[in-house]
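A.B. asks: What follows is the residue order along each chain.
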Amino acid sequence: MKNTMKINRVETDLLILGGGSAGLWAAHRFAELMPGRKVCIVDKGPQDWGGLMAMAGGDFEAVLPPDTVDGWLEDLVYYFDGLCDQPLMEALLSRSAERMRDYERFGCEFFHKPDGSLKSVPQRGLPHVKLYPAQVKGRGGELMAKSLVARLKDAGVTRMGRIMLTDYLVRDGRITGAAGFHCISGEAYIFKAGAVVAASGMGGWKTSYGKNTPTGEGMRMAFEAGAQLQDLEFARVWNMPRLFAWEGQTHLFPLGARFVNRLGENFMNRYSPVLGPNTDPHFTTIGMALEIRAGRGPIIFDVSPLRGEDMILLKPQTGWQKLNYEKLCRLGLDLFKDNTEWVPQMTVSHGGIRAEIDGSTAVRGLFAAGTARSMEPGVYAGGFALMTTAVTGHMAGESAAAWLRDADDAPAPDEAEAEALLTRAFAPLGREGRDTLTPKQVLTRIQATVFPYDVSIVKNGPALERALAEIRRIREEELPRMAAADPHYLLKLHEVEAVAFVSELFVRASLERRESRAGHFREDFPRMDPAGPSWIFVRRKADGTAEFTPERVPLEQWRVPLTRCYQDNFTFVEQATGKDR
Amino acid sequence: MIKSIAPEICTGCGACVRICPLDALRMGEDKKAFIAYPEDCMTCFLCERACPSGAIDVDPLREVLPPTFPDVPVELGGGRA
Ligand SMILES: Cc1cc2nc3c(=O)[nH]c(=O)nc-3n(C[C@H](O)[C@H](O)[C@H](O)COP(=O)(O)OP(=O)(O)OC[C@H]3O[C@@H](n4cnc5c(N)ncnc54)[C@H](O)[C@@H]3O)c2cc1C
Ligand code: SF4
Ligand code: SF4
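Going down the list, the protein sequences come from chains P and Y. The first sequence finishes on residue 580 if you use numbering that gives the first Met the number 0, and the numbering steps up by one all the way, no holes. The second sequence finishes on residue 80 if you use numbering that gives the first Met the number 0, and the numbering steps up by one all the way, no holes.
It cannot be assumed that every hint is accurate.
To be verified - Calculated pairs, EDC-like style, for lysine to aspartate or glutamate (alpha carbon to alpha carbon, straight line, at most 16 Å): (1) 321/P <-> 47/Y; (2) 326/P <-> 58/Y; (3) 321/P <-> 38/Y; (4) 37/P <-> 12/P; (5) 31/Y <-> 56/Y; (6) 326/P <-> 246/P; (7) 31/Y <-> 7/Y; (8) 326/P <-> 56/Y; (9) 336/P <-> 301/P; (10) 326/P <-> 47/Y; (11) 321/P <-> 62/Y; (12) 118/P <-> 309/P; (13) 314/P <-> 325/P; (14) 439/P <-> 38/Y; (15) 37/P <-> 10/P; (16) 439/P <-> 62/Y; (17) 336/P <-> 309/P; (18) 336/P <-> 308/P; (19) 118/P <-> 108/P; (20) 314/P <-> 333/P.
Just so you know, the hints here were simulated from the structure itself, not pulled from any lab data.
Sequences and hints are given; from them, build the entire structure.
C.D. replies: Take a look at the structure:
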């Protein structure tokens, strides 16, 4: 790096990468337990913005009486087709009510019915799993973030925004800190820390509306530092209007809304006579894809079965959703009146860091929290993320406190290594030449490679092989040609490198999983592996490449047997094996 | 995507610049916010909602992304023009 470049050095006991739900909770819990110790949250976005929670509606899952943890666990083992880490899920569910009560204590209210009881909304046709909506629909997440930040201010937690971390610093298998840069000033940063919480969110494909910050650098950094990853084959392909964005459609299905094809057929009834349209978007997008491929598109969102009084209640009341809705109505795109076309849209990766229940990883002193660690295999129930990120953040704060109490003093980061990493991170800044590419150009090519339905939704081997070859070509030929005109673009460039990293692992893991299960559907392997569920773990080999290792889910050691699978509710197998074509 | 910031209405309070998650907005020398990196906007409306003077207009339509069905005509729900 240029000798003139300024390096800022920050020392802290706990460094938290990411100020979203998980990072804020980790800081809150750590500060509560270790009031004298220093905590520093670093975020590439604005200081105190709260990550994706800033846009979240505020739906929260919690196990409240008369529900039991056992009932929910049974639901999730079934819903995840056995790919449920039962001890982890039990730990999360057991703590969910406490975190909900914390939010109530912080002044975040949940919706009460006129009789005073809490309103709940059942999810995905499951007998127990349900969410509790926020009182202020559309702004619940924003208020949760604000309430946590207010507590961190009181506790003296340092919060730094607009700093992108690009590398963890590790010595002899122990974390010593992280390095990065300020995306406006362009100044370099080296953080020395006794422990680090990775709360950096998911990987993803930058598809707008709250999906442009989770890009997966945290995953790449953890992988390079020696942590393992898992569940990379699962991505969230959401149903979205073709022309605009909408949140909260999943509330409309239980009340009668549905998707219809060009012939006016409620096609999900055909693909799942049991669940119909009231299921996870993962399954709906498979249905959409099969309809569109068969020439029965476009797909229209049909709200005509909704009752008038429900419609009034369902129209967005506050926040960005209200603003969005009003603007759309002015453009003649009233979701509740006009026929709007919907399409499947790939959004974020469900893969993440492999961690123990307490958040610890293969790197000593590095703890993972929130969506940076993997918790669900590509199917999702509303309100799950705010709960799991709160609980795992809280737990990671606790684990980091316990670790720092017992561990030896952290060694100082290796200065030469840190500066070498910074030199690498800054290399594309000001890169010139006729054949340079912008991060956005490369991003578009990656998106064009992984978005096609035969790579992302109804996957098949040959299409995945073609996508893999193209992603590798992009990695070898295009990533090194990316140039950043200023520190802002340097940040985007590192994001696109991470998008490429996650995309390659997504395609490779999708090839590795030769079956269909939970949020992964292979048309050439449309059934579940009769040998039972396995995870696919990813680790970095000595030569820097990724190694994929399947590991059987130890169902025989766990409480809930796999007696039925959610996948069995669908007839995609029959459709895929030819009946429909 | 972010459409406009009206300079005659902007008071230069900086709220939008501080809140934009994508660093798409910056403060000009003239103490007016401006759209520095329009292509990085993700249409989250945070800036428009934060602006105390109503100077910002975000267009609700979404960015055109590479298609999910490159070989199916648009009229049939695909992405082929
Ligand atoms: C519009 C919308 C509505 C939603 N509604 C709900 C809901 O009602 N209920 C629910 O349960 N869930 C909801 N969700 C999902 C939920 O909000 C998120 O999954 C959850 O908040 C994620 O929290 P997190 O802390 O794991 O990750 P994030 O919120 O993604 O936080 C990660 C943070 O890390 C920062 N970061 C990442 N990489 C770096 C880096 N390299 N250097 C520095 N900083 C970095 C990011 O800027 C970000 O602030 C919604 C999401 C959206 C977008
Ligand atoms: S809409 Fe969101 S991303 Fe776009 S400029 Fe405003 S705050 Fe930034
Ligand atoms: S928030 Fe509004 S008034 Fe304040 S700087 Fe931005 S545009 Fe100007």
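A.B. asks: Which constraints among the numbered hints does this structure fail? Numbers only, ascending.
C.D. replies: The structure breaks hints 3 and 11; every other hint is satisfied.
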